[in-house]
Amino acid sequence: MDSEIRILSATGVLGSGFREETLKRAMALGPAFIGADSGSTDPGPYYLGSGENLFSDSACKRDLRLILLAARAAKIPAIIGSAYTGGADAQLERLAGIAREIAREEKLSFKLATIRSEQDKGYLKKKLREGKITPLANAPCFDEGVIDRSVHIVGMCGIEPYIEALQNGADVILAGRSSDTSIFAALPVMKGFNPATVWHMAKILECGAACVVLRKYPDCMFATVTNDYFIVEPPNPDYRCDPVSVASHNLYENSTPYELVEPSGILDTRHAQYEAVSDRAVRVSGSTFRPAQRYTIKLEGVELAGYQSIIVGAVRDPIILRQLDSWLDGLVKASKDRIRAVFGGDIESRYRLDVRVFGKNAAMGPLEPETGIGHEVGLLFQMTAPTQELATSLMKSVGHMAVHYPVPEWSGLITSIAYPYSPPEIARGASYRFNMNHVVEPASPLEMFRIGYENV
Amino acid sequence: MAKLWQVAKLIRSKNSGPFELTFDVIFKDRATYEKVRDAKVINAQWFARIYRLTPEVVSVIEYDAANAIKVTIPRPVISGDVDDTDVFGGQQYGPLVDLEVPEG
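Chains as they are written, first to last, in our numbering: chain A, 1 to 456; chain B, 457 to 560.
If you are wondering where the hints come from, they were derived from the structure by calculation, not from laboratory data.
There's no promise every hint is true.
Calculated cross-link-like contacts (lysine to aspartate or glutamate; reagent style EDC-like; alpha-carbon spacing at most 20 Å) [claimed, not checked]:
1. B:Lys465 - B:Glu556
2. B:Lys459 - A:Glu253
3. B:Lys465 - A:Asp242
4. B:Lys470 - A:Glu253
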């Protein structure tokens with residue numbers, strides 16, 4: 001076994017970018033593979049629901065092209081996880097299509113492995129009946145109805161499918177939904193490195209340059225891993241890490257900095273030590289890894305919440321602003337009356353109308369402790385209905401009612417909202433909802449994932 | 457007394473997955489961190505009051521390695537749901553900024 005292994009994280013998320021010059025510098029350091037994460041639940045449920053990607057195809061292709069060119073030139077694997085934000089099968093296929101295009105354009109040839117992570121509803125129902133699906137913190141209720149309603153359900157894979165693909169000679173691995181860290185942990189664990197050191201390194205590298213002191217733009221990150229410690233050092237000379245910046249990264253998007261839960265166990269960083277080895281590199285040691293009693297795969301699923309139409313407007317009249325809440329209540333009631341008059345009483349249960357007030361509590365909603373407003377407020381009317389056509393139709397009634405809704409102080413017809421657009425209503429398309437926060441106990445780490453191979 | 461923003465180098469909120477919201481306060485230096493940490497002014501009761509929760513569901517973690525205090529709460533609304541105001545959870549820390557804390 002080698003005494004050390006070097007790892008290159010190209011960027012925090014594929015499509016966000018990195019500097020070509022940084023990648024070149026990092027490649028000169030001899031990494032064993034290049035990894036990059038391509039997904040997250042962070043931007044919300046839309047991506048898994050719709051199959052769209054957070055970034056454009058062009059942005060992803062630019063990043064993937066540079067990664068594939070560098071990896072093939074050095075004859076090292078390239079590993080990309082959580083394809084196209086959501087990691088559903090169609091998203092993985094879009095990313096694989098881009099990899100094939102790049103191969104054609106650049107005359108590259110490689111063995112491509114794809115790891116599909118979308119879940120079969122029949123399989124999940126069987127697991128549910130067997131009591132093999134359990135909730136995580138703050139999970140919504142889960143039953144067969146939730147499974148049936150879901151548009152897409154993915155399982156978040158661990159390192160095992162990657163290791164399987166690597167052992168079968170894959171040069172490029174594209175995975176559906178994956179734990180971010182597994183992208184970076186798979187190959188070092190396969191080579192026999194201490195899992196505690198490896199998983200901690202993976203947590204630090206999965207966000208690319210996020211662990212530097214001041215991240216001005218997305219870029220690559222590099223680590224050298226031994227059995228007892230790893231050293232993280234940014235390959236971009238303009239960046240530096242210090243012990244606090246590296247330790248701080250454990251805080252990011254994690255409910256505790258001390259534990260990182262993976263399918264196969266828990267990384268415990270309570271006794272980790274962070275020491276500067278230069279003014280820009282940090283040595284990390286001392287974490288432990290507790291293998292899990294039971295191997296679990298986290299599920300992510302979304303269902304359709306409805307289709308939305310929105311209207312944006314502003315109110316400037318001090319007379320209206322003085323009575324904003326009651327004016328809005330009256331406006332909503334009048335709009336609902338008008339909708340009932342047009343569509344009949346049955347319409348009530350088929351839509352919901354919400355108003356968000358920017359300048360009052362748009363960021364925190366009902367939790368906002370401040371009560372004052374300024375010289376104007378922004379209004380966002382939001383209609384949610386089972387079809388886009390219905391949402392838009394209903395919103396047209398609201399838009400007209402709202403723009404002329406009176407206040408007692410003025411007599412005669414007023415125009416009470418400044419609409420910046422014609423038409424005021426904007427079709428927002430489908431809105432989705434995350435509907436599970438649960439783990440499954442599969443019979444084996446590979447059971448929920450399907451690995452395909454092709455020579456590109 | 458000082459305001460928290462005056463002694464912190466970063467105050468932020470963010471999703472920890474779609475079902476939890478997590479707050480990080482990273483202090484400018486060790487001494488200030490220890491003073492605020494030991495004064496327990498960032499505590500479960502304060503979060504429970506502001507975010508309308510019971511203190512039992514508020515997790516407060518002192519993280520010496522980064523001179524930081526982390527607080528995690530159940531997300532008031534699931535990220536991106538029809539009622540959600542903040543998909544990334546990134547603007548929920550406002551009330552923390554002016555919290556009064558002992559001076560460093």
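Query raised in the report: Looking back at the hints listed earlier, which ones does the structure fail to meet?
Result: 2
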